[in-house]
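Chemist: Chain by chain, the residues:
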Amino acid sequence: MNTISDNDLILYFYRDGLDAERIREIDDALFASPDLRARYTRLQQMLHAVDAEPAPEPDAGFSDRVWQRLGGRIAALQPADAPAGWRARLFGTLHSLLVPRAALAAACMLLLAIGVGFYAGRSTAPQPDEIAQTRANAMATRVLDAYVAEHLRATEGLLLTAVNSDDSGLVGNRDLAASLVDSNRLYAQAATRSGNARLADFLRQLEPVLLELANQSPDTSVQSIDGLRDYLKKTDLLFQVRATQARIDATGKHST
Amino acid sequence: MATDEVRWVAEARRGDRNAFRHLVEAYSRALFALCMRITRDSTMAEDAVQEAFFNAYRHLGDFDGRSSFKTWLHRIAVNAALEQLRRNGKHGVTLSDTGTDDDGEDFLASRPDDAPTPDRHALGGEIGRQIQDQLARMTTLERTAFVMRHHEGQSLETIAETLSLNISASKQAIFRAVRKLRGVLEPLR
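Going down the list, the protein sequences come from chains D and U.
Heads up: the first sequence is residues 2 to 257, going by the numbering used here.
Heads up: the second sequence is residues 5 to 193, going by the numbering used here.
Hint data in this document are derived by calculation from the structure and do not stem from the laboratory.
We put the CB at the ideal spot given by N, CA and C, even for glycine.
Take these hints with a grain of salt, some might be off.
DMTMM-like mimics (lysine to aspartate or glutamate), calculated; alpha carbons at most 25 Å apart, straight line [said to hold, decoys possible]:
1. U:Lys74 <-> D:Asp17
2. D:Lys235 <-> U:Glu87
3. U:Lys74 <-> D:Glu58
4. U:Lys74 <-> D:Asp65
Okay, the calculated bits of chain D under chain U, using three or more residues with CB under 8 Å as the criterion [as the list claims (entries may be wrong)]:
5. 5 to 12
6. 59 to 66
Here are the computed distance ranges between Cβ atoms for each label pair [as the list claims (entries may be wrong)]:
7. D:Ser225 <-> U:Arg133: 42 to 48 Å
8. D:Phe14 <-> U:Asn22: 32 to 38 Å
9. U:Asp137 <-> D:Ala244: 37 to 43 Å
10. U:Ile171 <-> D:Phe240: 42 to 48 Å
11. D:Asp227 <-> U:Glu9: 37 to 43 Å
12. U:Asp137 <-> D:Arg143: 55 to 61 Å
13. U:Asp8 <-> D:Arg66: 51 to 57 Å
14. U:Gly187 <-> D:Ala247: 45 to 51 Å
15. U:Arg90 <-> D:Asp60: 23 to 29 Å
16. D:Ala198 <-> U:Asn22: 35 to 41 Å
Kindly generate the complete structure, drawing on both the sequences and the hints.
Modeler: So, in structure tokens, the structure goes:
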């Protein structure tokens, strides 16, 4: 009587889940029994046919696309979420106390510089140094673009986390969202002053979503969180963030 | 490659994004194949890969090197793929599905003269279609356990740990998955 089941043969095929004695018994039985050998051959044919199927392949730009999305999200990570040992975590905690303020301070300085630059440009009569002033304005615009591009990368990461993470991840990013609200306002003002109404309008569109994310708390209802996710999924806000970022990057490349 | 990988992991743990990018480039295509086999949907597979790398980056500090980086990363990807299925809810199948596809009944028995002839082996397209049909019939649990055991070469212990099952339940999931592949045998008869 054959006591070797199909399940035994499956485990035997994978050499997993059977002790050495059982494997020896099956070896002996396969040698002695043509029927058992036929059964095992059929199992091998079936599983080798599965192996013969080509592995699913992504398109050629897959890795780059993954990194492009991932880079923004990683950049937006709170230091506490970054991979690190205890020393780096301690450093990260100190860093987190400084960075949002530093970003805000940079945005303030930028706003001031652009304001002063454009004021000076308007109040100065056309002089030989007009060219220098034009260059200064162009430089201010490029600096603004660089800051806004970084701001949009961080915002993209935040939005992606909001769409994909669990509720605790969403709540965990509210400090980052709050810091982005502040800098978003300042960049919108700077864009207005530099005459880039399109960018200013777009940044103002972002503000309600950033505010919503900054106001998430552990008590926020599931419906509210789901509503926010639905909104992000249904609107093309994430796409617009990427498109604006790409446009700024392209402008920066052309102007250098 | 192995030396590079160790260095990239160490540098990425210190927050070096460029080192992590090397790891993304090295593993993204393999992770796509894994996630695609589980989700059977390229959009969900891509999102799962994205989430897997993001979670891996966040938890690199917890990677203790007891398993290889690849094994560790692939386990994260399996869970990311399952999470995508759960979120999208299209498949209506959960990990708790047990399935009762002739559990325990032997299906491999055949007469010796049933052995396939070469011309039957030529029915590659039909076999491929059958494989896809049978994979689609599997529950998420069965397909995931099968993919991990068959395609990824993971042990029953790793499968059980990844899917939060005991060893016996992991075995049963694989048995049911293999049974559902029996349709593949038909073109070979």
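Chemist: Please go over all the hints and tell whether each is borne out by the structure.
Modeler: Here's how the hints hold up against the structure:
The suggested pairing of Lys74 of chain U with Asp17 of chain D holds, with an alpha-carbon distance near 20 Å, which does not exceed 25 Å. Distance restraint check for Lys235 of chain D and Glu87 of chain U: the Cα-Cα separation of roughly 20 Å lies within the 25 Å cut-off, and the hinted pair is therefore satisfied. The hinted pair formed by Lys74 of chain U and Glu58 of chain D meets the criterion: a straight-line CA distance of about 18 Å does not exceed 25 Å. The straight-line distance between the Cα atoms of Lys74 of chain U and Asp65 of chain D is roughly 20 Å, inside the 25 Å bound, and the hint therefore holds.
Only residues whose C-beta sits within less than 8 Å of a C-beta in chain U count toward coverage, and the region 5 to 12 of chain D has 6 of them, enough to reach three; the restraint holds. Interface restraint, the region 59 to 66 of chain D with chain U: holds (4 residues with C-beta to C-beta distance below 8 Å; minimum three). Judged by the Cβ atoms, the range 42 to 48 Å given for Ser225 of chain D and Arg133 of chain U holds: they are separated by roughly 46 Å. As the Cβ distance of Phe14 of chain D to Asn22 of chain U is approximately 43 Å, the hint placing it in 32 to 38 Å is violated.
For Asp137 of chain U and Ala244 of chain D, the hinted distance range of 37 to 43 Å is satisfied, since their beta carbons lie about 41 Å from each other. Range check, Ile171 of chain U to Phe240 of chain D: Cβ separation about 46 Å, and the 42 to 48 Å hint holds. Distance hint for Asp227 of chain D and Glu9 of chain U: a CB-CB separation of about 39 Å, consistent with the stated range 37 to 43 Å. A hinted range of 55 to 61 Å holds for the C-beta pair Asp137 of chain U and Arg143 of chain D, which are about 57 Å apart.
At roughly 23 Å, the beta carbons of Asp8 of chain U and Arg66 of chain D sit outside the given window of 51 to 57 Å. At roughly 47 Å, the beta-carbon separation of Gly187 of chain U and Ala247 of chain D lies within the given 45 to 51 Å, and the hint holds. Arg90 of chain U and Asp60 of chain D have their C-beta atoms about 26 Å apart, which keeps the hinted 23 to 29 Å range intact. Checked against the given bound of 35 to 41 Å, the beta carbons of Ala198 of chain D and Asn22 of chain U, roughly 37 Å apart, stay inside it.
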